[in-house]
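Enquirer: Chains as they are written, first to last, in my numbering: chain A, 1 to 196; chain B, 197 to 392.
FYI, nobody ran anything at the bench for these hints, they're computed from the structure.
Keep in mind that the hints are not guaranteed to be accurate.
Taking lysine-lysine and the DSS-like style, the derived pairs with C-alpha atoms no more than 25 Å apart in a straight line are [said to hold, decoys possible]:
1. B:Lys313 <-> B:Lys324
2. A:Lys126 <-> B:Lys322
3. B:Lys231 <-> A:Lys126
4. B:Lys313 <-> A:Lys126
5. A:Lys35 <-> B:Lys324
6. B:Lys313 <-> A:Lys128
7. B:Lys231 <-> A:Lys128
8. A:Lys117 <-> B:Lys322
9. B:Lys324 <-> A:Lys126
10. B:Lys322 <-> A:Lys35
11. B:Lys324 <-> A:Lys117
12. A:Lys128 <-> B:Lys322
Number of protein chains: 2
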Amino acid sequence: MRIHGDLNSGNCLKVVYAARLLGRDDTFVPVDLMKGEARTPAFLAMNDMGQVPVLELEDGRCIAQSNAILRYLARGTALLPDEPFLQAKVDELLFWEQYSHEPYIAVCRFETVYLGKPASALDPDKVKRGNNALDFMERRLAGRRFFIGEDITIADIALLAYTRLAHEGGFDLAPRAALTGWIKRCEDRLGLAPSA
Amino acid sequence: MRIHGDLNSGNCLKVVYAARLLGRDDTFVPVDLMKGEARTPAFLAMNDMGQVPVLELEDGRCIAQSNAILRYLARGTALLPDEPFLQAKVDELLFWEQYSHEPYIAVCRFETVYLGKPASALDPDKVKRGNNALDFMERRLAGRRFFIGEDITIADIALLAYTRLAHEGGFDLAPRAALTGWIKRCEDRLGLAPSA
Chain A
1 MRIHGDLNSG
11 NCLKVVYAAR
21 LLGRDDTFVP
31 VDLMKGEART
41 PAFLAMNDMG
51 QVPVLELEDG
61 RCIAQSNAIL
71 RYLARGTALL
81 PDEPFLQAKV
91 DELLFWEQYS
101 HEPYIAVCRF
111 ETVYLGKPAS
121 ALDPDKVKRG
131 NNALDFMERR
141 LAGRRFFIGE
151 DITIADIALL
161 AYTRLAHEGG
171 FDLAPRAALT
181 GWIKRCEDRL
191 GLAPSA
Chain B
197 MRIHGDLNSG
207 NCLKVVYAAR
217 LLGRDDTFVP
227 VDLMKGEART
237 PAFLAMNDMG
247 QVPVLELEDG
257 RCIAQSNAIL
267 RYLARGTALL
277 PDEPFLQAKV
287 DELLFWEQYS
297 HEPYIAVCRF
307 ETVYLGKPAS
317 ALDPDKVKRG
327 NNALDFMERR
337 LAGRRFFIGE
347 DITIADIALL
357 AYTRLAHEGG
367 FDLAPRAALT
377 GWIKRCEDRL
387 GLAPSA
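In isolation and in its complexed conformation, chain A is listed as follows (with noise of 0.2 Å):
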């Protein structure tokens, strides 16, 4: 398969992440979001949200949505459990996710690193609503090892991507122990180098 996407977007990560730890050989193909490719004509034919990641089939079938080509790749994996209950509690945190985490998290580091504004000038409310994404995330780990049972699931590679530059955006990941234990466990799992 092929997964169009930009290196620089977090919900792109997420889909290499899940990828590499499923030992997939997908073909990665770049897109420029900053260049505008996510909203020419041939990319909005691919997905007409407009929006990185797409991931296509070998049939040229796509689809769109980080979290929903996570859930499509993991499924059947030990990264998306089968019992219903618990695949419920991924997707509780799937969804809050894109609710009520990327839009704070995520949008206050773009507007630092690549609009170049000071952490000082970001909205205050979004910076508020990005702590209390931070605290419920260090209230949820305390005492796990991952959101969900022992191992890594798409709920912590789809929370992972952004937090672990969180910092970056001005938050302070330091006195969150827990969270920091976890961003530490995810990075062994996943190879990735210490982010902070």
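Add chain B to chain A, keeping to what the hints say.
Expert: Just chain B, lined up with the frame of chain A:
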């Protein structure tokens, strides 16, 4: 099972609609958001995200996030196709709804209906993004009865709840014929009185 929710919230109505279509007789337990009832210690013990809806299973275990609940209730039924690609196309819309639709369509309605803001005082960026979301739905629905296949799925249910009330938030549905036709078909399937 028990559905904890507030009937003023479209996210809660999604679950009520799905339960109705599935012929379930779950008990509805009212939670008054405006009175802060989703932030009490008893509620947070059910859902530490502090949000409605919550599905409480017979054994007391709980599932949060409207779209995770929809997926859980719909598994193995006609509301969620088993075929992996079609299921991924449902997921695509569920995640898109939470990231690119609800934060604009639902939030504008909340501000006009519950905070009494005139539509002219809404954040123009939110209004623009809300219109973009409705335009996307209009394009996707052209020539189709429902979003996935010939009958209603949880992708339709998730998108219907706030879309059918979008006019209350100042959005003009009338010029969008594919969208209003789809709303009517969903309302017929659900036995709802026409919304506009």
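Enquirer: Hints first: check each against the structure and report whether it holds.
Expert: Against the structure, the hints come out as follows:
1. B:Lys313 <-> B:Lys324: OK: Lys313 of chain B and Lys324 of chain B at ~17 Å, within 25 Å.
2. A:Lys126 <-> B:Lys322: 15 Å, holds
3. B:Lys231 <-> A:Lys126: Distance of about 24 Å is within 25 Å: holds.
4. B:Lys313 <-> A:Lys126: Answer holds: Lys313 of chain B to Lys126 of chain A is near 22 Å, not above 25 Å.
5. A:Lys35 <-> B:Lys324: 22 Å, holds
6. B:Lys313 <-> A:Lys128: 24 Å, holds
7. B:Lys231 <-> A:Lys128: Answer holds: Lys231 of chain B to Lys128 of chain A is near 22 Å, not above 25 Å.
8. A:Lys117 <-> B:Lys322: With a Cα-Cα distance of about 22 Å, the restraint between Lys117 of chain A and Lys322 of chain B holds, given a limit of 25 Å.
9. B:Lys324 <-> A:Lys126: Holds. Lys324 of chain B to Lys126 of chain A sits at ~20 Å (cutoff 25 Å).
10. B:Lys322 <-> A:Lys35: 24 Å, holds
11. B:Lys324 <-> A:Lys117: 24 Å, holds
12. A:Lys128 <-> B:Lys322: 20 Å, holds
Consistency with the previously given hints is maintained throughout, with no hint failing.
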